[in-house]
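If you're matching them up, the sequences are chains A and B in order.
For the first sequence, counting from 1, position 102 maps to 102 in this note's numbering; every step adds exactly one.
For the second sequence, counting from 1, position 60 maps to 60 in this note's numbering; every step adds exactly one.
Keep in mind the hints are simulated off the structure, nothing from the lab.
Among the clues, some could well be false.
Straight-line C-alpha distance at most 27 angstroms; calculated DSS-like pairs for lysine-lysine [to be verified]:
| no. | chain 1 | residue 1 | chain 2 | residue 2 |
| --- | --- | --- | --- | --- |
| 1 | A | K2 | B | K57 |
| 2 | A | K42 | B | K18 |
| 3 | A | K45 | B | K57 |
| 4 | A | K45 | B | K71 |
| 5 | B | K57 | B | K69 |
| 6 | B | K18 | B | K65 |
| 7 | A | K45 | A | K99 |
| 8 | A | K99 | B | K57 |
| 9 | A | K99 | B | K69 |
| 10 | B | K17 | A | K45 |
| 11 | B | K17 | B | K57 |
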Amino acid sequence: RKEVEQDPGPFNVPEGATVAFNCTYSNSASQSFFWYRQDCRKEPKLLMSVYSSGNEDGRFTAQLNRASQYISLLIRDSKLSDSATYLCVVNRGAGGGNKLTFGTGTQLKVEL
Amino acid sequence: EAQVTQNPRYLITVTGKKLTVTCSQNMNHEYMSWYRQDPGLGLRQIYYSMNVEVTDKGDVPEGYKVSRKEKRNFPLILESPSPNQTSLYFCASSLSGTGSEQYFGPGTRLTVT
Chain A
1 RKEVEQDPGP FNVPEGATVA FNCTYSNSAS QSFFWYRQDC RKEPKLLMSV YSSGNEDGRF
61 TAQLNRASQY ISLLIRDSKL SDSATYLCVV NRGAGGGNKL TFGTGTQLKV EL
Chain B
1 EAQVTQNPRY LITVTGKKLT VTCSQNMNHE YMSWYRQDPG LGLRQIYYSM NVEVTDKGDV
61 PEGYKVSRKE KRNFPLILES PSPNQTSLYF CASSLSGTGS EQYFGPGTRL TVT
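All chains, full assembly: derive it from the sequences and hints.
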């Protein structure tokens, strides 16, 4: 089992749609969780951190379920500019060294 | 402007010819790391550094070397490149390790023939 698993997609959605991505992680000691966005083989950029209580940033909502070890990202009112690959990122906790594990990404295509 | 820079951005080389990819950040970050990205495998960490003169192996360190003599620079060295090191390489820095935002450089696309 991969340490971080994501559905690779692509998710093709019409503009204005709501889309949700899930990500599961295997290390129960993980402490920090993030969603990064990557455009077309460019550098990843932080979209948002994910907190236990859930957090929202405009049209984006992130949730963490520690018991089931999954993270979700919800995008409301999709824009064409949201088309990108979304990377789920998890740190490995104290026992895993100072390292991050990246999922392989979920590709989103927003269409007219 | 706060940024991470990498050079070169594109490099085609031959097997066995030593090369260095430079990485520099101007944010006074303590933590720096190198990743490679390959289709279907995601980003995998090669080496990281917690501070000057402190480096450690990531998940795929074989065939690579690093050094951290100054806080702002973290070069990646391939002593004898091989075709399986053909990849997209990213340098990243962060203020305080894996709990904080990683700032990535623009990437270096390396082809080893």
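A quick look at each hint next to the structure:
Taking the CA atoms of K2 of chain A and K57 of chain B, the gap is near 20 angstroms; set against the 27 angstroms cutoff, the hint holds. A C-alpha spacing of about 25 angstroms is found between K42 of chain A and K18 of chain B, which places the hinted pair at or below 27 angstroms, so the restraint holds. Taken as a hint, the K45 of chain A and K57 of chain B pair is honoured in the structure, with Cα atoms around 23 angstroms apart against an allowance of 27 angstroms. For the hint linking K45 of chain A to K71 of chain B, the alpha-carbon distance of about 22 angstroms falls within 27 angstroms, and the restraint holds.
For the suggested pair K57 of chain B and K69 of chain B, the alpha carbons sit about 17 angstroms apart, so the restraint of at most 27 angstroms is met. Annotation: proposed proximity of K18 of chain B to K65 of chain B holds, straight-line Cα distance about 11 angstroms (limit 27 angstroms). At roughly 17 angstroms between alpha-carbon atoms, K45 of chain A and K99 of chain A fall within 27 angstroms of each other, so this suggested pair holds. Pair hint K99 of chain A plus K57 of chain B holds up; C-alpha atoms about 10 angstroms apart against a cutoff of 27 angstroms.
Taking the CA atoms of K99 of chain A and K69 of chain B, the gap is about 21 angstroms. The hint holds against a cut of 27 angstroms. Taking the CA atoms of K17 of chain B and K45 of chain A, the gap is near 32 angstroms; set against the 27 angstroms cutoff, the hint is violated. Between the alpha carbons of K17 of chain B and K57 of chain B the distance comes to roughly 23 angstroms, so the proposed pair stays at or under 27 angstroms and holds.
In this structure, only the earlier hint numbered 10 is contradicted, and the remaining ones agree with it.
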